[in-house]
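Novice: Sequence:
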Amino acid sequence: MPAPCMVCSCLHVSGTELAERVCMTGISMNLVTYLTGDMHLSGAKWANIVTNFMGALNLLALLGGFLADAKLGHYLTIVASASATIAATGVSLLAASTRCQGCSHHGAAPAQPKGLPVGDARQVINERGNIDA
Numbered sequence: 009m010p011a012p013c014m015v016c017s018c019l020h021v022s023g024t025e026l027a028e029r030v031c032m033t034g035i036s037m038n039l040v041t042y043l044t045g046d047m048h049l050s051g052a053k054w055a056n057i058v059t060n061f062m063g064a065l066n067l068l069a070l071l072g073g074f075l076a077d078a079k080l081g082h083y084l085t086i087v088a089s090a091s092a093t094i095a096a097t098g099v100s101l102l103a104a105s106t107r108c109q110g111c112s113h114h115g116a117a118p119a120q121p122k123g124l125p126v127g128d129a130r131q132v133i134n135e136r137g138n139i140d141a
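Residue numbering for the sequence shown follows our numbering, beginning at 9 and increasing consecutively.
Treat the hints as calculated values from the structure; they're not laboratory data.
Computed from a predicted model, the values in this text were never measured in an experiment.
A virtual CB, placed ideally from N, CA and C, is assigned to each residue, including glycine.
One thing to keep in mind: the hints can contain errors.
With beta-carbon atoms standing in for the labels, derived distance ranges [said to hold, decoys possible]:
hint : residue 1 : residue 2 : range
1    : Y42       : A11       : 14 to 24 Å
2    : Y83       : T44       : 36 to 46 Å
3    : P12       : A103      : 33 to 43 Å
4    : T85       : T41       : 12 to 22 Å
The whole structure should be built from the sequences, with the hints applied where relevant.
Specialist: So this is what it looks like as structure tokens:
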């Protein structure tokens, strides 16, 4: 029978991996919604962007593992991981506060867009790339 601390360590690592996968899947699904809804991209374009995003995340995990094993060492890796966990907790609380009924601030004015919308900018620049006065 394994030692109790070994079981606790295995559960902690498994829970961390599960949370990472859920977070990565959630972000990629929200990215699909944003790219199709707000950005109005075609299926091929958003699929390419999401695939590149997922590939970059997987490659960065390999880079992070290499840095943790070869360069940072045991204790510095734990400190960096704890700092990232604290930052992620802050972001999670910030996201949760947007859903909390008592946490919203109703006195804020809506944001004012700055600059020209994209359609107006296209009208200003003609086919040769010259800016019309």
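Novice: State for each hint whether it applies.
Specialist: We went through each hint and held it up to the structure:
1. At about 46 Å, the CB distance of Y42 to A11 disagrees with the hint of 14 to 24 Å.
2. Distance hint check: the CB atoms of Y83 and T44 are about 44 Å apart, consistent with the given range 36 to 46 Å.
3. Taking 33 to 43 Å as the suggested C-beta distance range, the pair P12 and A103 conforms, at roughly 35 Å.
4. For the hinted restraint 12 to 22 Å between T85 and T41, the CB-CB distance of approximately 34 Å leaves it violated.
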